[in-house]
Amino acid sequence: MNQKIKATKKSTGKEFLSIRSLLHSQELSWGDAWRAAGQLSSEVQFRTNLEMSAGAFRDSIERRVKSARTNTTFNKVGMSLVFGFFVAFYGFTTRTLTLFPIVSPIFNTGVIVAVITSLFLAVAFALLMFIGLMQSTTYISCDIASLTLQLPITNKDAEKIAFLGYFRLFDAPIIVILVGFPLAFGIATFSILGSFACLATTTITIFLAISMLLLLSHLFYTRIQSLGGSRLRGFIRTLFVLFWAFSFVAFSFSYQLISYLIPLIQVLTITANAFDWILPLFFPFSLGYLVALISGLPGLSVTSMITCLIGTLLYGTLAILGLRQSRRILIQVSQSPITPQVPTKMKPISVQSSSHHIAIIRKDLRLASRNPSQAVFLITPIATGIILHLTLLSYISLSFPADSFFFMIIAISPFLVIFFSIFLLSTETHGAVLTSSLPLRTRVITQSKALLATFSYLPIFLIQVILLYLLPLLSPIFLLVMIVSQIPLVYTASLIAICLFIRLLGGGLIIGFNVGQHLLQMIGVLLITIIFYALPWILYMYVWFDALRFEIPLIYFNLYVILAFWAGICINLLIGFICSRLLLHD
Amino acid sequence: MLQVINGNAIVAEGLVRNFGSKVAVDRLSFTVRRGEIYGLLGPNGAGKTTTVRMVCGLLPPTDGSVTVFGLDPTIFPIEVKNSLGLVPEEKMLYESLTPREFFDFIASMRNLPSNVATKRVDSLVKVFEMREYYDTVIAALSLGTKQKVAVINALLHEPPLLVLDEPLIGLDARSARVLKEFMKIHLEGNGAILFSSHILEIAESLCTRIGIIDNGRLVAEGTVDELRDLVKAHGTLEEVFLKAVQQDVEVAQAVQALRHALSEERK
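Quick mapping for you: the protein sequence lines, in order, are chains A and B. Anchor point for the first sequence: position 547 equals 547 in the working numbering, and the numbering is continuous, going up by one each time. Anchor point for the second sequence: position 12 equals 12 in the working numbering, and the numbering is continuous, going up by one each time.
Any given hint could turn out to be false.
20 angstroms max Cα-Cα, derived PhoX-like pairs, lysine-lysine [claimed, not checked]:
(1) K119/B x K347/A
(2) K76/A x K66/A
(3) K146/B x K126/B
(4) K126/B x K347/A
(5) K146/B x K180/B
(6) K66/A x K22/B
(7) K22/B x K91/B
(8) K126/B x K180/B
Derived from the structure by calculation, the hints contain no laboratory data.
The following block holds chain A by itself, in its conformation from the complex:
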């Protein structure tokens, strides 16, 4: 622990001291406060990353510190690139659609620009919200006061540093958006006034997003995350986290929206024309319309102009109120650690003992229910499954043969479950040391994680069964057998992936790991696992082509290939069983 603290302090100690030397009894200047806030936000990010690698306790502390530093830089650069991509795409779209009326020649430029700007402001808002949740919650929970109060500064300066420090958590993406959006707009429309309007609306959007983010993470830490005890509280907490995780996953797929951008803008433009008396009242359309209005682009109705001005005034006021509320929370954070709500009603003490597997699964589910970043690992495969099946349905409506697409989806949908099964190891942060000290074989842990991964596959399984019943398929029984076969296959493939990863990183002993630090190893393990997963499918294909040479009735043909496939699954189960014994230390 001492070593850890020493290592953590090492990262910022010198900087804090140099800042400290700058300070006298006078009020801190904004420049000094900005620099101190930068160190504060770096410290928070560093702590978060160091905490995430706590499970890798067999590594030396120096290695963990190094990887935490690398991850901090990596996260910042990654976030900036994502936002940079969206800004560039915004400029490109605006330029293209204002030059070439491919959306529809009857629509005027003003409405199109208003819609595009609104759409991208919405994307920026959502990206900031979803990407920032974890960092924001850490900022609230990690006792900032212990850092600010040790400086020889007044409470007012401590508040200033805490306030700026929070913004500096997102400084790189904020700068990219603030500079990028107006610049992209200016280049696309050659309107200087419009660029300034774009700057103003982007600022409002950022303030709204940051205020909302801070409010939600404050609520999450003080009211939701700390809820233990009753089933109702647990249910509320789970719903909140699942909603957050599901939104995050759904949003991750927004990249796919790029391919649907033109039809989406078409739909939005039609809606904007039909409801121009009310739509500009809603966020972010008010801001989008304002940019179009100030740019002097043609085609905006008087009603929409008035409504968008009212809307902008409303959201501008909301942004200011949000900032004031954020300031209040951050002042609280800068003065003393925020204590989460403690349940007041005491229940009698009782310990509910259960089997090893159930206890581990229950523990992992409880951990996930309090941590959106871990809930994502369970939600992603389900969300992906749903999206894949919706895609399937849209293809069927285009008169593609449903059987072959269904078959393809059966083969593809377990991939993400297997991929995310490895992530379940990351739930063991500090707990990895605890789990290692318990009289527990590593294989019990790996089996439990693989079982949990398989459970996350079950909703996909159910969707497939329902679709099987609803769709006019040629060979529903054959497909049902293939669907059922995925359950043992997902289990063994997940088991192999987890065992391989533990062998690679922990020498066969249980480990916790940091996703960012071991991404390459994860990809390597997944490549091997995919080959393993594909074995029954390869056998199936081989037998299928082989059986084509004989003129046999369809029912025997299907029976023959299914038997081959199941034989492949049995081989996989056997390999999984052997591997879990060979790869693990105990």
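Based on these hints, arrange chain B on the given structure of chain A.
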């Protein structure tokens, strides 16, 4: 549960642990007998925590061997982990769980029947006065209360060997006293304790024998009186300790330099 037979609780022989080129523990040998508290003392980075982890089977030694009640933790990890209760220096709790959920998990992992586990947890929670925090998420608990959770976790299955790495950190006076008394009671039942701490006064008052390690090596071992004779130092364990790790002269020089610097500043 492991049937404890007569003999030594821990026997470490020529233990070595390397982290890359760094040697954390270097040919360390010591024995912890049943019915004694063995204090493992050393300066920061001396290799105490690494030694504790090797004893508990959390880290395999690079060389040498360690046995717990005659069993090698690398060969019999389950039996060894069943026979000991560990309070680590770095708290290793699932911070998102409440103590209630945490003890459910621990009792399940240790195969304790619900009624037995409930009885033990109930009495320990009362003794350590943490009933009101029983349904609060561990992350929200104070350092001292987290320490209580870690201590209860180690005592839950009534192990014959306790491995306590800085167990009193964060505990209030009452709970610290309870734990110290518990350690004495534990010895009456022929148990053994490996105790690692920086607080030398406590080590002096509690430990039957003491091993001082520095740079991963055992530099002195024995009762406090034996250590005094060995290093030819008088007075408290602190003085003996500083002499054993050859820091007495260093400390004197540092204090002298500090005194000089402060007097210069005052001028």
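Each hint, compared with the structure:
1. At roughly 15 angstroms between alpha-carbon atoms, K119/B and K347/A fall within 20 angstroms of each other, so this suggested pair holds.
2. Straight-line distance between C-alpha atoms of K76/A and K66/A comes to about 16 angstroms, which keeps the hinted pair within the 20 angstroms bound.
3. Under the criterion of a C-alpha separation no larger than 20 angstroms, the hint pairing K146/B with K126/B is consistent with the structure, at around 15 angstroms.
4. Annotation: proposed proximity of K126/B to K347/A holds, straight-line Cα distance about 14 angstroms (limit 20 angstroms).
5. Proximity of K146/B to K180/B is assessed by CA-CA distance (about 18 angstroms); at most 20 angstroms being required, the pair is judged to hold.
6. Annotation: proposed proximity of K66/A to K22/B holds, straight-line Cα distance about 17 angstroms (limit 20 angstroms).
7. For a cut-off of 20 angstroms, the pair hint linking K22/B to K91/B is broken: about 24 angstroms separates their Cα positions.
8. Between K126/B and K180/B the alpha-carbon distance is near 16 angstroms, which keeps this suggested pair within the 20 angstroms criterion.
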